[in-house]
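**Student:** Please work from the sequences and hints to get the whole structure.
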Amino acid sequence: MSNQNDRSIKNSIPKLKIIDISLRMCVIPLSIASLCVTITNNEDNIDYGSIHFSNFMALKYMVSIGAIAAVYALVVAISNWMTFFLHKPWLFFISDQVMAYMMVTSGAAGAEMLYLAYKGDQEVSWSEACTTYPMFCTKLKLALFLHFIAVFGFLILALISAFRAFSIFDPPLLNDIDDDLNT
Numbered sequence: 001m002s003n004q005n006d007r008s009i010k011n012s013i014p015k016l017k018i019i020d021i022s023l024r025m026c027v028i029p030l031s032i033a034s035l036c037v038t039i040t041n042n043e044d045n046i047d048y049g050s051i052h053f054s055n056f057m058a059l060k061y062m063v064s065i066g067a068i069a070a071v072y073a074l075v076v077a078i079s080n081w082m083t084f085f086l087h088k089p090w091l092f093f094i095s096d097q098v099m100a101y102m103m104v105t106s107g108a109a110g111a112e113m114l115y116l117a118y119k120g121d122q123e124v125s126w127s128e129a130c131t132t133y134p135m136f137c138t139k140l141k142l143a144l145f146l147h148f149i150a151v152f153g154f155l156i157l158a159l160i161s162a163f164r165a166f167s168i169f170d171p172p173l174l175n176d177i178d179d180d181l182n183t
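Counting with the UniProt record's numbering, you get residues 1 to 183 for the letters of the sequence shown.
Some hints here could point you the wrong way.
Claimed, not checked - When the alpha-carbon atoms are kept at most 20 Å apart in a straight line, the in silico SDA-like pairs for lysine to any residue are as follows:
#1 K141 - K17
#2 K139 - D44
#3 K17 - F152
Think of the hints as simulated: they come from the structure by calculation, not from any bench.
**Tutor:** Dropping the structure here:
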């Protein structure tokens with residue numbers, strides 16, 4: 001039974017490699033598209049002046065992480081074909097985890113920015129801005145939508161790299177677990 005499990009895991013790894021590389025190649029244009037929509041997002045208002053993504057630290061952070069994510073995904077997709085890196089699943093596991101968490105935090109910062117643009121915050125005298133700058137908010141929604149699709153891709157990649165890293169270990173034996181519970 002164990003040998004059959006070992007073979008099925010080893011047979012699934014090449015399939016995972018194809019899924020991994022395909023998913024990495026999908027998150028690259030999503031990250032770049034989100035980045036481009038955010039960078040070009042600006043709007044002028046006669047009464048209140050102009051607004052640009054660079055006025056907001058949360059959007060600068062989202063753009064920075066999106067750029068890092070696109071480059072990271074490309075580098076890892078290329079390095080997946082190099083035999084030197086194939087024997088280092090922990091490298092991909094740790095870096096995929098870090099990248100996924102950074103994408104989540106940058107998306108959360110952008111989502112909070114959008115929430116405040118729609119709802120405002122009366123306690124700090126920040127009124128809602130989307131009635132004054134409707135195109136800015138619409139483009140920000142599109143950028144966040146693209147960003148969160150990329151986030152979902154990076155979360156799946158983190159799961160794949162975790163499977164690769166931990167599948168090299170044998171599962172614990174039931175006898176060992178029973179002995180640990182009895183002592």
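**Student:** Decide, hint by hint, whether the structure agrees.
**Tutor:** Each hint, compared with the structure:
Our distance criterion of 20 Å between C-alpha atoms is broken by K141 and K17, whose separation comes to about 32 Å. Restraint check: the Cα-Cα separation between K139 and D44 comes to about 14 Å, which is no more than 20 Å; the hinted pair holds. Of the pairs offered as hints, the one joining K17 and F152 holds, with about 18 Å between alpha carbons and a cut-off of 20 Å not exceeded.
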